[in-house]
Amino acid sequence: MISYCKKAGFIKLIACVVNKNKSSSKIIKKAGFTFIKDFVSDDLQLPEQKFELIL
1 MISYCKKAGF IKLIACVVNK NKSSSKIIKK AGFTFIKDFV SDDLQLPEQK FELIL
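Mapping the sequence shown onto this note's numbering, position 33 (from 1) lands on 33, and the numbers just tick up by one.
No wet-lab data here; the hints were simulated from the structure.
All C-beta atoms in this analysis are idealised placements derived from N, C-alpha and C, irrespective of residue type, glycine included.
Be a bit skeptical, because a hint or two may be false.
[Stated by the list, open to error] Here are the computed distance ranges between Cβ atoms for each label pair:
hint, residue 1, residue 2, range
1, Pro-47, Ser-3, 28 to 34 Å
2, Asp-38, Tyr-4, 25 to 31 Å
3, Lys-6, Gln-45, 29 to 35 Å
4, Ala-8, Val-40, 29 to 35 Å
5, Ile-11, Lys-37, 17 to 23 Å
6, Lys-50, Ala-8, 19 to 25 Å
Using the sequences provided together with the hints, build the complete structure.
What follows is the structure, given as structure tokens:
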């Protein structure tokens with residue numbers, strides 16, 4: 001997905017993960033995403049983390 005987005009001209013990717021989902025956070029970090037902030041989602045009303053990957 002990351003290589004496809006680079007080829008398609010995307011500038012960055014954003015990923016949001018519910019805090020309890022430790023496995024997904026680990027995968028996102030391993031893929032090179034950088035932590036941006038903690039927040040509470042408007043739709044789920046759950047604490048989440050926001051990550052970004054600059055392409």
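Structure-based check of each hint:
{"no.": "1", "hint": "Pro-47 / Ser-3: 28 to 34 Å", "verdict": "holds, 31 Å"}
{"no.": "2", "hint": "Asp-38 / Tyr-4: 25 to 31 Å", "verdict": "holds, 29 Å"}
{"no.": "3", "hint": "Lys-6 / Gln-45: 29 to 35 Å", "verdict": "holds, 34 Å"}
{"no.": "4", "hint": "Ala-8 / Val-40: 29 to 35 Å", "verdict": "holds, 31 Å"}
{"no.": "5", "hint": "Ile-11 / Lys-37: 17 to 23 Å", "verdict": "holds, 19 Å"}
{"no.": "6", "hint": "Lys-50 / Ala-8: 19 to 25 Å", "verdict": "holds, 22 Å"}
When held up to the earlier numbered hints, the structure conflicts with none and fits them all.
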